[in-house]
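Asker: Sequence:
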Amino acid sequence: MSEEPQRVLDVATGTAIRAVEYAKQHPNTTVIGTDLSSIQPANAPINCEFLKDDAEAEWVFSDPFDYVHMRFIFTCFNDPFKVFRSAFDNLRPGGWIEIHDTEAQHQRVDGSTEGECISMALRRWEDAVIAGSASMGRDTQVSHRYRDWLVEAGFVDVEERKLMWPCNLWPSHPRLRRAGLYQQNSICEGSLLSAWKMLRAAGLSPVEAQTLIDEAKAEVLDQNNHIYHTA
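Here the sequence shown stands for residues 183 to 413, where the numbers follow my numbering.
Worth flagging that the hints you see were computed from the coordinates, not collected in a lab. All figures in this text were calculated on a predicted structure; none of them were measured in a lab.
Under the rule of at most 30 angstroms between Cα atoms (straight-line distance), these lysine-lysine pairs were calculated in the DSSO-like manner: (1) Lys344 x Lys206; (2) Lys344 x Lys379; (3) Lys234 x Lys379; (4) Lys264 x Lys379; (5) Lys206 x Lys234; (6) Lys264 x Lys344; (7) Lys399 x Lys379; (8) Lys264 x Lys234; (9) Lys344 x Lys399.
What follows is a set of in silico ranges between Cβ atoms, one per label pair, in the way DEER data are often shown: (10) Asn210 x Asp404: 42 to 50 angstroms; (11) Lys206 x Asp309: 36 to 44 angstroms; (12) Arg306 x Asp245: 44 to 52 angstroms; (13) Val242 x Ser354: 45 to 53 angstroms.
The C-beta atom is built at its ideal place from N, Cα and C for all residues, glycine as well.
With these hints in hand, go ahead and build the complete structure from the sequences.
Answerer: This is the structure in structure tokens:
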């Protein structure tokens, strides 16, 4: 963007870390964060506000936005294309949309693990999450369709960048190693546990689900497993 945006929308803002950060960096910009859950901080900057809103319902904002941001949304929506189309219809001419996302699969950067693509418990966990999500009508691999959907929605100059996102402390590069630490904590303290519903939907018993989570966590913490997400 060549000019500082006047109005910014953060869709599925969650705990609003990005919305608050952006509002602090751009005090002259109005930042609106929307989410189904009202879990945002009460002490946000004065130029940042939050609305409880369903992004898949009709958007009724009074004024268009200069910039729409979405992050980690691949499990959020029944119809992501509808959300992208609503974003397009609510952007001023020349406005921008930015989406950061990943998929529910890990890769390995080299031959750091034996057997298949990655060590087996994490692969079984992924397969169960994908299958369980599909049984509930959610495609956890949906992000590979974003580019085509954005073009279909009407956006131009669409650019897709795929980056390596380390999942533990295996990288030697300080920046990647730090990113790996954050993602390791996110997986072990969040993703593995929050997928319980999908594991059960895939047919695992409570004992089987917990055992798989524990085994997958051990593999994530093992720095001999050079695993990463594509993001």
